[in-house]
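Colleague: Sequence:
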Amino acid sequence: MNIVFLLLGLGLILSGANLLTDGASALARRWGVSDLVIGLTVVAFGTSAPELVISIMSAINGSAELAIGNVVGSNIFNVLAIIGITSLVRPIIVRHSIMTADIPLVIVSALVLLAMGSGPVLGDGPERQLSRIDGIVLLMFFAIFMRYTFAQAKSGTTEALPISNKPEMPMAKSVLWIALGLGGLILGGNWFVDGASGIASALGVSDAVIGLTIVAAGTSLPELATSVISAIKGKPGLAIGNVIGSNIFNIFLVLGASATISPLKFGSITETDLLVLAASCILFWFFGYFFKKSTITRGEGAVLTSLYVAYTLWLVANARLFHLR
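Here the sequence shown is numbered in my numbering, starting from 57 and rising by one per residue.
Hints listed in this document are in silico derivations from the structure and should not be mistaken for laboratory results.
Positions of the beta carbon are idealized from the N, C-alpha and C atoms, including for glycine.
Keep in mind that a hint or two might mislead.
Claimed, not checked - Between beta-carbon pairs, the in silico distance windows are:
1) Phe206 - Ala281: 43 to 51 Å
2) Ser71 - Ser362: 29 to 37 Å
3) Val231 - Pro160: 19 to 27 Å
4) Lys289 - Gly67: 19 to 27 Å
5) Phe206 - Gly355: 32 to 40 Å
6) Leu236 - Phe346: 42 to 50 Å
7) Gly355 - Val231: 25 to 33 Å
8) Val365 - Gly239: 33 to 41 Å
9) Ala273 - Met227: 16 to 24 Å
10) Lys229 - Arg203: 28 to 36 Å
11) Ser362 - Thr156: 22 to 30 Å
12) Leu236 - Ala157: 20 to 28 Å
13) Ser362 - Met227: 43 to 51 Å
With the sequences and hints as input, model every part of the structure.
Modeller: Next up, the structure:
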């Protein structure tokens, strides 16, 4: 039954995120908001909506490890698996400005989380946790990132994400889509967290492991599908913006909002997991910037994908999947 709740919850989350994005985009266009602003806000939020809902619901339900594991696992999956698989389909050509500005921001976000996860940074207690103060700091980083992104957009150095040219949606339908989307996200988030926690209990493993693996991969399905389809259509570069936006949103917005609602203890989310995330981001930048400037090759994609498989096997080898807590 837990698997049923997990799958139904994931389906509702993905469908809800899609409806919410479509409805909000239609309203934004009706109010004269540019496609660039829509892409930087609505679409970016839509791709991170599954992680946001699941992490907030986990925080509310007291499953802090699931909330943090979801974000850490999703970000590792984004960099190693999604970029790896996408570049296997077709090498990814990355603009120089992305290599020198945007990807370093992803690295900074991972290093900030590593610092917070290594012990109290702001003097708020001896435990390894994201306190409400940490959450507010992360949200401040998110605000700075958004301000930087809009500044880049105004200067003409940032490209808008492609938005499909759909017929204008009636106002009533837009509002209905937003309402249904939010409802699907909330209900689906509850079901997904209940199912994931139930599976963790049945297997005798921690919420952290479920968050790092099953939940992380499940919530990253929209990003994976978008990136692979873009590569097949001859636009593999879209995967870069997809991953960059998702990873920054996940750490600064998702964990920031979740920790502000309720402090999140890292528990069995180890410093090694956080180091893997930071190292993955640095390797991603290193491949694109040094080995073959501004290109992620198929060989490098194979390395990234292999590293994700190795990380998952490492979890198993350390008996974190099949041993009791």
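Colleague: Hint by hint, note whether the structure agrees.
Modeller: Going through the hints against the structure:
For the pair Phe206 and Ala281, the supplied restraint of 43 to 51 Å is violated, since their beta-carbon distance comes to about 27 Å. Roughly 33 Å separates the CB atoms of Ser71 and Ser362, a value that falls within the hinted 29 to 37 Å. Under the hint 19 to 27 Å, the C-beta atoms of Val231 and Pro160, about 40 Å apart, miss the expected range. Hint check: Lys289 to Gly67, Cβ distance near 25 Å, so the stated range 19 to 27 Å holds.
Remark: the range hint 32 to 40 Å for Phe206 to Gly355 is upheld by a beta-carbon distance near 36 Å. The hinted window of 42 to 50 Å between Leu236 and Phe346 holds, with their beta carbons roughly 47 Å apart. About 49 Å separates the C-beta atoms of Gly355 and Val231, a value inconsistent with the hinted range of 25 to 33 Å. Restraint check, Val365 to Gly239: a C-beta distance of roughly 37 Å satisfies the suggested window 33 to 41 Å.
In this structure the supplied range 16 to 24 Å is violated for Ala273 paired with Met227, their Cβ-Cβ distance being about 37 Å. With their beta carbons about 33 Å apart, Lys229 and Arg203 fall inside the hinted range of 28 to 36 Å. Distance hint check for Ser362 and Thr156: the Cβ-Cβ separation is about 27 Å, which falls inside the suggested range of 22 to 30 Å. Checked against the hint of 20 to 28 Å, the pair Leu236 and Ala157 fails, with Cβ atoms roughly 37 Å apart.
A beta carbon spacing of about 50 Å between Ser362 and Met227 agrees with the range 43 to 51 Å that was offered as a hint.
Violated hints for the displayed structure, listed by number in ascending order: 1, 3, 7, 9, 12.
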